[in-house]
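Spelled out, the chains give:
There are 2 protein chains.
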Amino acid sequence: MTGDADFDLTTFLPYLLNQAAERLSLEFQQTYKVKYGMLRTEWRVLFHLGRYGEMTAKQICDRAGLHKTKVSRAVTALEKKRFLIRSEMAGDRRHSALALTKSGRAAFEDLCRDAQAFDAQIRASLPDGEAQLLERGLMRLAGLAQD
Amino acid sequence: MTGDADFDLTTFLPYLLNQAAERLSLEFQQTYKVKYGMLRTEWRVLFHLGRYGEMTAKQICDRAGLHKTKVSRAVTALEKKRFLIRSEMAGDRRHSALALTKSGRAAFEDLCRDAQAFDAQIRASLPDGEAQLLERGLMRLAGLAQD
DNA sequence: GCGTATTAGTTGAAAATGTAACTAACAACC
DNA sequence: GGTTGTTAGTTACATTTTCAACTAATACGC
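Order-wise, the sequence lines are chains A and B.
The numbering of the first sequence is UniProt numbering, which starts it at 1 and goes up by one.
The numbering of the second sequence is UniProt numbering, which starts it at 1 and goes up by one.
FYI, nobody ran anything at the bench for these hints, they're computed from the structure.
Treat each hint with caution, since some may be false.
Just so you know, same-sequence chains aren't split out, so a pair can sit in one copy or run between any two.
[As the list claims (entries may be wrong)] Here are the simulated lysine-lysine pairs, BS3-like style, with alpha carbons at most 30 Å apart:
{"#": "1", "residue 1": "Lys-58", "residue 2": "Lys-70"}
{"#": "2", "residue 1": "Lys-35", "residue 2": "Lys-68"}
{"#": "3", "residue 1": "Lys-70", "residue 2": "Lys-35"}
{"#": "4", "residue 1": "Lys-68", "residue 2": "Lys-80"}
{"#": "5", "residue 1": "Lys-68", "residue 2": "Lys-33"}
{"#": "6", "residue 1": "Lys-33", "residue 2": "Lys-58"}
{"#": "7", "residue 1": "Lys-70", "residue 2": "Lys-33"}
{"#": "8", "residue 1": "Lys-58", "residue 2": "Lys-81"}
Given the structure is predicted, the values throughout are model-derived calculations rather than measurements.
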């Protein structure tokens with residue numbers, strides 16, 4: 001009849017990926033949303049600064065694969081929450097270095113613990129060794145693999 | 001220093017999942033966006049009706065895990081494009097059966113071919129057997145597994 | 001140095017999403 | 001048969017995201 005009776009959504013990788021990603025994101029979102037009133041992009045920016053240290057908005061865009069307007073707004077929001085400060089860079093005043101404040105760092109460390117616990121819980125819910133496999137495959141698909 | 005130096009974003013499953021999902025979705029999105037000016041939710045609704053046959057909005061919500069307002073708007077949009085028609089159900093006038101029109105079906109079949117090709121291409125880009133593993137793991141995480 | 005191009009980042013309007021309140025139809029209980 | 005509760009779906013409003021235009025600073029060509 002349709003000629004597509006064999007093509008199921010649940011085997012279409014983009015769909016599967018989305019369902020899984022949405023499910024986990026939504027769940028973890030609760031943590032930073034409730035605790036700190038953060039949006040996903042804010043959490044990502046916070047994480048990048050906390051994990052990889054001081055950097056410019058552009059560098060965050062590149063590393064995180066986020067659009068510059070999203071980052072710009074997240075930075076403004078985090079600044080308003082006093083989680084980060086900008087400092088002009090001598091030599092090139094177009095961009096500024098972003099760094100976490102003390103409370104920004106505290107929030108980062110707190111959320112990191114939650115994230116680690118969440119991640120561990122997910123991994124524990126999978127059969128032995130599957131998490132590793134999944135991780136490898138996802139890195140490839142995300143374009144983060146070393147190939 | 002931070003105590004979290006070992007916790008890398010690239011091993012945090014929700015993040016990885018998101019990166020991979022976004023990447024693939026964005027790429028495939030081009031297809032239905034350019035060809036038919038459809039949004040992701042519209043494509044999903046179209047797909048459900050094409051693949052599983054006539055059903056109500058509620059059934060689509062449940063099967064696709066979409067919120068009813070999203071579905072409602074997607075249905076309106078698809079109706080405007082003349083890709084589907086509603087027919088009142090005798091006996092219960094609260095819900096109506098949704099069915100693809102001829103051109104709706106044609107769009108579905110066309111996009112299905114594209115989707116299958118896209119999926120095949122992704123799978124081919126992965127090492128032997130990895131796609132299967134990935135699929136299994138994702139189904140579990142997405143909560144679609146039979147466990 | 002001066003005009004042009006590029007780059008970092010911001011802003012504003014339009015599109016999309018999420019939340020909650022709403023309408024309409026049915027069900028159930030008495 | 002009327003009151004109350006539930007279900008399907010829509011609408012209205014606030015929040016987010018996206019897109020395009022913009023500013024400001026630097027780099028380049030000559």
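**Prompt:** If you check each hint against the structure, which ones fail?
**Reply:** none
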